[in-house]
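Once you've looked at the hints, dock chains B, C and D against the given chain A.
Residue numbers (the numbering used here), protein chains in the order written: chain A, 1 to 295; chain B, 1 to 295; chain C, 1 to 295; chain D, 1 to 295.
No lab work stands behind these hints, which were simulated from the structure alone. Possibly wrong hints are sitting among the right ones.
Any copy, or any two copies together, can satisfy a pair, since identical chains are not distinguished.
Here are the simulated SDA-like pairs of lysine to any residue, each with C-alpha atoms no more than 20 Å apart in a straight line [to be verified]: (1) 207 / 127; (2) 22 / 132; (3) 207 / 49; (4) 126 / 11; (5) 87 / 291; (6) 157 / 228; (7) 156 / 103; (8) 157 / 73; (9) 156 / 111; (10) 257 / 19.
One-letter residues, chain by chain:
Protein chains: 4
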Amino acid sequence: MSSIAFIGLGNMGGPMAANLLKAGHSLTVFDLSQSAMQALAEQGAQCASTAEAAIDGAEVILSMLPAGKHVAGLYLGEAGLIAKAQKGTLILDCSTIDAETAREVGAAAEAAGLDMLDAPVSGGVKAAQAGTLAFMCGGSEAGFARAEKILAGMGKKIFHAGDHGAGQIAKMCNNMLLAVHMVGTAEALQLGLNNGLDASVLSEIMKNSSGDNWSLQNYNPVPGVMPATPASNDYQPGFMAQLMLKDLGLAMENSLKTQSAVPMGALARSLYASFAGKDGNAQRDFSAIIEMMQS
Amino acid sequence: MSSIAFIGLGNMGGPMAANLLKAGHSLTVFDLSQSAMQALAEQGAQCASTAEAAIDGAEVILSMLPAGKHVAGLYLGEAGLIAKAQKGTLILDCSTIDAETAREVGAAAEAAGLDMLDAPVSGGVKAAQAGTLAFMCGGSEAGFARAEKILAGMGKKIFHAGDHGAGQIAKMCNNMLLAVHMVGTAEALQLGLNNGLDASVLSEIMKNSSGDNWSLQNYNPVPGVMPATPASNDYQPGFMAQLMLKDLGLAMENSLKTQSAVPMGALARSLYASFAGKDGNAQRDFSAIIEMMQS
Amino acid sequence: MSSIAFIGLGNMGGPMAANLLKAGHSLTVFDLSQSAMQALAEQGAQCASTAEAAIDGAEVILSMLPAGKHVAGLYLGEAGLIAKAQKGTLILDCSTIDAETAREVGAAAEAAGLDMLDAPVSGGVKAAQAGTLAFMCGGSEAGFARAEKILAGMGKKIFHAGDHGAGQIAKMCNNMLLAVHMVGTAEALQLGLNNGLDASVLSEIMKNSSGDNWSLQNYNPVPGVMPATPASNDYQPGFMAQLMLKDLGLAMENSLKTQSAVPMGALARSLYASFAGKDGNAQRDFSAIIEMMQS
Amino acid sequence: MSSIAFIGLGNMGGPMAANLLKAGHSLTVFDLSQSAMQALAEQGAQCASTAEAAIDGAEVILSMLPAGKHVAGLYLGEAGLIAKAQKGTLILDCSTIDAETAREVGAAAEAAGLDMLDAPVSGGVKAAQAGTLAFMCGGSEAGFARAEKILAGMGKKIFHAGDHGAGQIAKMCNNMLLAVHMVGTAEALQLGLNNGLDASVLSEIMKNSSGDNWSLQNYNPVPGVMPATPASNDYQPGFMAQLMLKDLGLAMENSLKTQSAVPMGALARSLYASFAGKDGNAQRDFSAIIEMMQS
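Chain A on its own, in the form it takes in the complex (with noise of 0.2 Å):
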């Protein structure tokens, strides 16, 4: 078991962190907000009262924050984690943020000799919370193999993606493919529907054939033809749209920088600015862009 500071306890980094505790680690958690730092203390966590406070005798430094600013805030600069902490500390951040921002604080710390991985994490509140997480890491081989096993704690799917950066390139692309495969069963059901079928038997079918994929398998954005999704629960999240909207931004952002020709991605990206711009939709599921495609 590993002496771990955790940093930034929110919606997801509250349960990563308690469960964390349930391993068997020792925790000294610091976050912007008492409550979630009191919360955190009643399950065995120890408080710090700043980040720098919280790595003192860490072997891990675990962080989950809102966006790339945040991330370089935390580590980089004279005043940042990387320059204060001890040698051999292993570094997990778990915030989704730019891949351009991961590879810079994990060659810091690469430079710095310290172990470091992006590893944002997929599956959303109630993942987080039954410690069914998949994550996402990049980073060196030696450093991965330390990674896996405090991960293991709070997930079930611990992939290596490849160096600093690539945990956050895959979760990008593979929330831009969740994002074209959504909406496009959302069409596809909508036309089925506007033809007279019955969505839950045309999407028995397309399970059953080529059209599979995740959205149809986990997420049925039609209500009534699974019980426990957004759909069928007023499209209450689940994952927010204006959360997809963010990372079909980073997704955008990366694809200028590397010159990468996105359609579907792009149009995705549109249909969501478009769709969580009004009506109080940016905190409703990302299911509900089926709305778009009805009368």
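Using the frame of chain A, we list chains B, C and D on its own:
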């Protein structure tokens, strides 16, 4: 076992008829091509000189034709097979055509006291040969119950999508969705490649995450990731780009008639129209669309 | 001056017929609506109880109908006007319909020794009333020469696009392009607004630069930029979103038949289908599409 | 007449500087290329060995650089020109860059008591040579009043779009709209051609109808319609596809930052990314995009 009249012995119809013979049915076949009929005769079929002659004494009529106009021409009107068929005949049209024609022909059969199903197939030439096709059927419950026994000789999955035309709608929706996730998969993998990721590693990650879909599982568009795919064999079809373009055309036509919004499907159609329009791409496999994303 | 049979007195046909009367022609009119006929009678037209009665003694037949099936129904077959018209009659169909039907009807008229032109209009109700419509004509040179004199009573610009059907093609291409630059103009102006620019200033700059187009010049989609536009009048039409959707449908149908790639046109159709499908947008002006770009 | 320091003598900067000399201004130039400086020296300019040396005694600094990072590098920081320029200097940055950098540099100049305008140009190399460029300016009223007199030596249309960065936004919006109507025009003309129409006739009709736009008027993408266009000269630029792709990239980046929905712009970017990525298309004129619509 039944006596079956089989009309249309092309790339798909030929092996389908052969499988019905193997299953023990007695077949009378008709096709405009003498050599196509000859091939079946060698496997035990009777040959007829006209479609009308072929159905003499048949309990079941099965047709496999290129487009709606051929199906309407075969079945409708005073000289059509519906007018000529004996009471109680079961008609199975396995052609992939527009739903409107399927509904019209189905209604005409019903008015004449005949069971008829539109039963388009999914799976391609290999599945036709192996007897592992999927059938998506539209018609009455009673008709479907009769059809299942015949279709079981040619396929593994037999779905009842709804009333007349519903089989065509289901296939159309499925194939539109296939096009969308194939293009999306191509984009996601190429974006990963452009960022230095390994396509096999990225594919494995997405197959185990929310990006998962049939194209990733069975038909990876990047050469070398899966040895048996068209991508690994110079994009020899497989499923030709021009056939996907035809299927997307059926979906677009239907979307116009039903006033449906299908933005991803429409973009897929645009990309396949541009792609298949040049450089001999029409006859290459539809997964070669990834070349539109490559520099 | 000519004796003209005018069939179809709707929003467009009514004022067009009135202008022909003002130009000194003698008119016999037919419409299913008695009140529509009555309005023309008060302006000097004769009323007929059937289309066939209306063409008795007419040198010119002019029709203005909603769709291809109505045009085919009026002109083709044993009871159609082509069979009934006296030799030498000039037929002008001003309806906006699919080119295929226009070609079919035009060929039938030619076979019967009649000059016929498809002559769809551009300009809307206001131009119909003001006598400033544009006509895009398809048919022979000789027919066009005869038509020009009649059409000059209702419009200012009279184009000869080519043979039978070419008038419909020209209008279809034009309106698809209009949809594309209207949506593009809406996007560009909204993007400027989102960056704090003044829409009037930005419009003025783009009108004098390479972004210039008819929508910017005549039909600015931002409220307040041009006082007389639908945008400045609660998006009251003008040109209803559902009519643009109909025209884009004709273009998409044609693109399927001619195997044409029209990616921008297809996207415009998708956006209008999504937009017009809800919130009463179908009856609002087509420039209200800018709301899809607004938060 | 003013003493002007001119930094950046590329394809555009060179002829712009030459026109300022012709207008009677006194120029000191700097560029990394000796031959570029030599060419201007022969026309009467002084050459400087560094940018800092070039601005010694200058009333006006004018720069024409490839991207935002070059502009930031030239002007910002302790060694940047803003820190070195004498009070009262007018700075005109004519580079096409992202609005964020333009705002940052503009604000830094203002803080240092200098008038600065972002003043990107429209019109290409020919207009630069002919002195007929358009300038879209962002900055204060006072700065704009001073700038107009200088810019008049190089262009015909000088617009004040708003505060710092507004010039870049105006150009970005304009060029995105240009891309949209160019692709739309290409689609409409090719659709007409696929239906047997004459491209010149169809162009003439649409120029006189609601499809009218700058591409139709000045830059017809079909070979032979207008003799002087790139289309009629093997698609030699003109305006290279890769430059349009760069401008669309700036628009997409900005749309991400401002959460704007730009579906047509995003599709245009996808098409240009696919097109420019192969077959040497990057260096061909941007109107060659019509080839994506051809079989």
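Cross-check of the supplied hints:
no. : hint      : in the structure
1   : 207 / 127 : between (23 Å within a copy, 18 Å between copies)
2   : 22 / 132  : within (14 Å within a copy, 49 Å between copies)
3   : 207 / 49  : neither (51 Å within a copy, 41 Å between copies)
4   : 126 / 11  : within (10 Å within a copy, 49 Å between copies)
5   : 87 / 291  : neither (53 Å within a copy, 46 Å between copies)
6   : 157 / 228 : neither (23 Å within a copy, 27 Å between copies)
7   : 156 / 103 : neither (25 Å within a copy, 47 Å between copies)
8   : 157 / 73  : neither (29 Å within a copy, 45 Å between copies)
9   : 156 / 111 : neither (31 Å within a copy, 54 Å between copies)
10  : 257 / 19  : neither (37 Å within a copy, 35 Å between copies)
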